[in-house]
Amino acid sequence: AQSVTQPDIHITVSEGASLELRCNYSYGATPYLFWYVQSPGQGLQLLLKYFSGDTLVQGIKGFEAEFKRSQSSFNLRKPSVHWSDAAEYFCAVGNNTNAGKSTFGDGTTLTVKP
Amino acid sequence: DVKVTQSSRYLVKRTGEKVFLECVQDMDHENMFWYRQDPGLGLRLIYFSYDVKMKEKGDIPEGYSVSREKKERFSLILESASTNQTSMYLCASSLVGGSSYEQYFGPGTRLTVT
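As you go down the protein sequences, you meet chains A and B in turn.
My numbering numbers the first residue of the first sequence as 71 and each following residue consecutively.
My numbering numbers the first residue of the second sequence as 6 and each following residue consecutively.
Isolated chain A (complex conformation) (with noise of 0.2 Å):
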């Protein structure tokens, strides 16, 4: 079974600050690893995808995340945060042995202070 972890709940920063949210998954093979974004009262967005080769892959609006095999995490960054970047983010974990069924972790609200 695959699962997924945001230790995170809540996290406070100040704009222009950095950002890294944390992610830990759990699964037995190579997974197939998402950030979305929600905004307030709006469905997800992708923000970015692993599914293989290079472990820094690069997503829309300035996001990066890291897969680390050996501590199973898929940590999501931004060098410098916006006010706009005020959202609550998803990690999920999926895998192509379960017909696209991906796993959400619980979500991390993110505030943004001037």
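What you were told as hints is all true, and nothing was included just to trick you.
Lysine to any residue pairs mimicking SDA-like chemistry, simulated, CA-CA at most 25 Å apart:
{"id": "1", "chain 1": "A", "residue 1": "K119", "chain 2": "B", "residue 2": "G47"}
{"id": "2", "chain 1": "A", "residue 1": "K131", "chain 2": "A", "residue 2": "T179"}
{"id": "3", "chain 1": "B", "residue 1": "K76", "chain 2": "A", "residue 2": "L116"}
Simulated coverage check for chain B against chain A, where a stretch passes if three residues somewhere in it have a Cβ under 8 Å from a Cβ of chain A:
{"id": "4", "region": "41-54"}
{"id": "5", "region": "91-101"}
{"id": "6", "region": "107-116"}
Computed footprint of chain B on chain A, listed as stretches where at least three residues anywhere in the stretch have a Cβ under 8 Å from a Cβ of chain B:
{"id": "7", "region": "104-116"}
{"id": "8", "region": "171-184"}
I should point out that these hints are in silico values taken from the structure, not numbers from a laboratory.
Ideal placement from N, C-alpha and C gives every residue a C-beta, glycine not left out.
On the provided structure of chain A, position chain B as indicated by the hints.
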């Protein structure tokens, strides 16, 4: 761009009513999903469909059923709505195979059962 639409953004129903939530996607995706989202619980999969007339229970199917008569449309049915089904409902779709397991989400339906 993939578009996933949901029939209502907000819905208020009475206990015991039969409720239909409709979801339509326009990109010929094989997979479609229904989730409910509650604070602190992340996204929980209710039902999943991998083809027309094919469905599979997710993690919390009790009290729900689904219908997929056409590839583009996936309906969630609450046979007899109860107050504990008050929630945000999210529909998603995805392709199968290759690197295309990311899910595309609709804007959500916030259902209140009184």
